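> The listed protein sequences correspond, in order, to chains A and B.
This note's numbering applies: residue 1 is where the first sequence begins, and numbers increase by one.
This note's numbering applies: residue 1 is where the second sequence begins, and numbers increase by one.
By construction, these hints were calculated from the structure, which means they are not laboratory data.
Heads up, some of the hints might be wrong.
It does not matter which identical chain is meant; a pair holds if it fits inside one copy or across any two.
As the list claims (entries may be wrong) - Calculated pairs, DSS-like style, for lysine-lysine (alpha carbon to alpha carbon, straight line, at most 25 Å):
#, residue 1, residue 2
1, K41, K149
2, K41, K148
3, K149, K308
4, K41, K83
5, K33, K290
6, K290, K204
7, K20, K209
8, K33, K148
9, K33, K149
10, K33, K209
Treat the numbers as computed from the prediction; the structure is a model and nothing was measured.
Protein chains: 2
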Amino acid sequence: MIELALGSGGKDFQDFLRKKILHYFNNSFLNQKDDGAILPKLNGHPVMASDSFVVTPRIFPGGSLGKLAFCGTVNDLAMMGAKPLYLGLNLIIEEGFDMRELEFHLKEISFLSHQYQIPIVTGDTKVVSRGSVDGLFISTTGLGESDKKLPTETITVGDKIIINGSVGDHAMTIFSQREDLGFDSDLESDCMALHEITLGLINKYSGIKFLRDATRGGVSAVLNELAQEYSLSLGIYEDKFSLSPAVLSACELFGFDFLELANEGKFIAVVDENEAEEVIEYLNQNWSQKSSIIGEVTELNSSSVSLKTLLGAQRIVAWPQGEQLPRIC
Amino acid sequence: MIELALGSGGKDFQDFLRKKILHYFNNSFLNQKDDGAILPKLNGHPVMASDSFVVTPRIFPGGSLGKLAFCGTVNDLAMMGAKPLYLGLNLIIEEGFDMRELEFHLKEISFLSHQYQIPIVTGDTKVVSRGSVDGLFISTTGLGESDKKLPTETITVGDKIIINGSVGDHAMTIFSQREDLGFDSDLESDCMALHEITLGLINKYSGIKFLRDATRGGVSAVLNELAQEYSLSLGIYEDKFSLSPAVLSACELFGFDFLELANEGKFIAVVDENEAEEVIEYLNQNWSQKSSIIGEVTELNSSSVSLKTLLGAQRIVAWPQGEQLPRIC
Numbered sequence: 001m002i003e004l005a006l007g008s009g010g011k012d013f014q015d016f017l018r019k020k021i022l023h024y025f026n027n028s029f030l031n032q033k034d035d036g037a038i039l040p041k042l043n044g045h046p047v048m049a050s051d052s053f054v055v056t057p058r059i060f061p062g063g064s065l066g067k068l069a070f071c072g073t074v075n076d077l078a079m080m081g082a083k084p085l086y087l088g089l090n091l092i093i094e095e096g097f098d099m100r101e102l103e104f105h106l107k108e109i110s111f112l113s114h115q116y117q118i119p120i121v122t123g124d125t126k127v128v129s130r131g132s133v134d135g136l137f138i139s140t141t142g143l144g145e146s147d148k149k150l151p152t153e154t155i156t157v158g159d160k161i162i163i164n165g166s167v168g169d170h171a172m173t174i175f176s177q178r179e180d181l182g183f184d185s186d187l188e189s190d191c192m193a194l195h196e197i198t199l200g201l202i203n204k205y206s207g208i209k210f211l212r213d214a215t216r217g218g219v220s221a222v223l224n225e226l227a228q229e230y231s232l233s234l235g236i237y238e239d240k241f242s243l244s245p246a247v248l249s250a251c252e253l254f255g256f257d258f259l260e261l262a263n264e265g266k267f268i269a270v271v272d273e274n275e276a277e278e279v280i281e282y283l284n285q286n287w288s289q290k291s292s293i294i295g296e297v298t299e300l301n302s303s304s305v306s307l308k309t310l311l312g313a314q315r316i317v318a319w320p321q322g323e324q325l326p327r328i329c
Numbered sequence: 001m002i003e004l005a006l007g008s009g010g011k012d013f014q015d016f017l018r019k020k021i022l023h024y025f026n027n028s029f030l031n032q033k034d035d036g037a038i039l040p041k042l043n044g045h046p047v048m049a050s051d052s053f054v055v056t057p058r059i060f061p062g063g064s065l066g067k068l069a070f071c072g073t074v075n076d077l078a079m080m081g082a083k084p085l086y087l088g089l090n091l092i093i094e095e096g097f098d099m100r101e102l103e104f105h106l107k108e109i110s111f112l113s114h115q116y117q118i119p120i121v122t123g124d125t126k127v128v129s130r131g132s133v134d135g136l137f138i139s140t141t142g143l144g145e146s147d148k149k150l151p152t153e154t155i156t157v158g159d160k161i162i163i164n165g166s167v168g169d170h171a172m173t174i175f176s177q178r179e180d181l182g183f184d185s186d187l188e189s190d191c192m193a194l195h196e197i198t199l200g201l202i203n204k205y206s207g208i209k210f211l212r213d214a215t216r217g218g219v220s221a222v223l224n225e226l227a228q229e230y231s232l233s234l235g236i237y238e239d240k241f242s243l244s245p246a247v248l249s250a251c252e253l254f255g256f257d258f259l260e261l262a263n264e265g266k267f268i269a270v271v272d273e274n275e276a277e278e279v280i281e282y283l284n285q286n287w288s289q290k291s292s293i294i295g296e297v298t299e300l301n302s303s304s305v306s307l308k309t310l311l312g313a314q315r316i317v318a319w320p321q322g323e324q325l326p327r328i329c
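All chains should be modelled from the sequences, with the hints used to inform the complete structure.
Next up, the structure:
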């Protein structure tokens with residue numbers, strides 16, 4: 001059990017740090033136990049991203065708070081076209097929190113950190129009294145490196161909009177777990193680190209013009225933001241999306257719009273139309289069978305997102321309003 | 001009032017972001033509204049630090065949660081000998097939180113960010129339901145740059161231990177506010193950004209071998225960590241410390257050990273003995289009248305911290321045990 005004294009900077013805390021945290025994240029930077037980490041020089045541009053994670057439940061099919069905290073920030077760097085290099089890890093822990101669960105999350109992060117060679121180089125632990133935080137919140141910070149910016153300003157009419165697989169799996173997994181809906185057996189969060197895919201794409205294809213992961217607010221938020229920021233009209237096709245049967249049922253039963261559902265392993269790319277088919281082939285051969293072209297840029301100097309439905313009607317895809325599912329990530 | 005929907009990534013959230021957050025932290029990196037920030041190339045080594053802040057009360061004489069969140073991470077970079085360049089800002093907000101107070105903290109951060117030209121380049125906002133977090137927690141992440149590491153491995157017998165002013169002001173301010181002790185009028189947190197002082201020192205003196213801010217666990221934790229990490233025996237003198245009358249009274253009344261009290265604007269430096277007097281003169285002329293040499297390195301290859309008390313007795317300065325004051329930062 002986590003006691004309040006662990007957050008105080010004293011001897012108990014030092015012992016805790018040494019035993020638990022340094023144990024899982026053993027590396028030369030963290031082992032210096034300084035206030036921060038001095039890192040090797042970078043050749044490219046430094047890229048920074050940071051994110052907080054408050055998901056509930058903290059453990060779910062396909063992922064956990066710890067996994068999400070690693071992947072979420074790595075993906076933010078990946079979407080900038082960067083190679084993720086280092087992470088910082090901040091824990092805010094409620095007094096009385098189960099030590100085994102804390103270790104579970106640390107192990108999840110440690111596993112990914114070793115798998116992808118992205119060391120945890122700095123961090124901080126705060127323990128707050130019972131009731132001051134709901135269990136465990138994690139903030140992560142990423143430092144990456146990038147040679148060049150994606151050429152987003154060259155987006156033009158005809159460029160294709162791509163997604164790397166089915167949508168809604170993360171949101172519906174969390175929803176199903178919370179509401180105990182009983183269709184969880186088919187459903188698993190898509191939570192994963194995307195940087196190997198995006199770096200593969202950028203290295204292979206010069207026509208990758210925009211990348212954004214479709215997390216909170218889903219595909220709808222990403223496309224509306226893109227349309228607004230760069231004054232683009234975008235057209236997408238409902239029949240080009242891939243949805244798992246469980247997600248489809250949940251959308252029908254509970255009235256969710258699949259375009260607004262949060263994902264944790266899906267990104268939208270805008271790709272030069274001449275490379276789009278090849279990109280899909282590359283994605284489907286190397287990563288996911290369900291990557292697809294979901295639409296294209298239809299007009300410049302205007303700003304809208306429209307969907308051609310299965311029945312052939314056109315509808316405007318609006319910004320997601322209000323809160324569909326709080327604490328989804 | 002902060003509504004839950006603001007944390008969802010939808011239209012409400014975009015409006016909130018645009019109006020409040022981008023308003024206060026207007027800069028070209030943040031205005032791109034990407035998942036992260038691509039930054040100019042660095043010449044030196046990148047230095048990373050990150051920290052979470054959960055202080056209560058959130059507003060106190062001399063500071064606030066916002067000010068602390070800025071200064072705390074800037075100071076972590078400063079103690080690495082780095083020049084702080086950029087910050088990331090993560091907010092975790094309780095549903096129903098007072099919008100004016102949120103703006104107060106954002107303004108505090110914005111003011112310091114402009115004053116020191118350390119832009120907020122990335123960040124994230126999560127809103128959680130009532131009871132899931134106590135009001136507002138802030139995590140900050142810093143990226144700095146450093147040309148060289150401090151020569152901590154050259155610390156030797158005779159090197160002087162320095163502090164840049166009086167101790168305990170932050171801890172006793174928070175304690176006094178919480179317990180409503182009525183001696184707050186004399187007392188103010190020492191919360192401040194220290195990087196201008198430390199960069200000044202490093203540029204001027206080659207004999208600055210170690211820097212660490214004496215936050216949680218106070219001077220005692222810093223010295224014990226130093227002694228243990230580098231196998232040093234350290235001797236300090238009670239009469240060389242400067243304490244404000246209010247801190248002194250509080251220590252006497254409530255039995256606090258001033259060496260264990262948290263500070264937010266004080267650092268310990270280990271300095272070559274030939275430069276120590278000059279360093280004190282520099283500090284006192286430019287920054288604080290109360291900087292002093294508090295002790296020296298007495299032995300290598302052993303590990304202890306001892307204090308010569310006002311009465312002339314020697315006592316071991318142990319690691320702070322347990323929790324003196326939770327949520328001090």
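> Each of the hints needs a verdict: does it hold here or not?
Tested hints:
1. K41 / K149: both (20 Å within a copy, 13 Å between copies)
2. K41 / K148: both (17 Å within a copy, 11 Å between copies)
3. K149 / K308: neither (32 Å within a copy, 59 Å between copies)
4. K41 / K83: Both: 14 Å inside a copy, 15 Å across copies.
5. K33 / K290: This pair counts as neither: shortest intra-copy Cα distance 44 Å, inter-copy 29 Å.
6. K290 / K204: within (20 Å within a copy, 60 Å between copies)
7. K20 / K209: Answer is neither; intra-copy 42 Å and inter-copy 29 Å both fail.
8. K33 / K148: This pair counts as between: shortest inter-copy Cα distance 18 Å, intra-copy 33 Å.
9. K33 / K149: Close across copies (14 Å), not inside one copy (34 Å); limit 25 Å.
10. K33 / K209: Classified as between; 16 Å across copies, 40 Å inside a copy.
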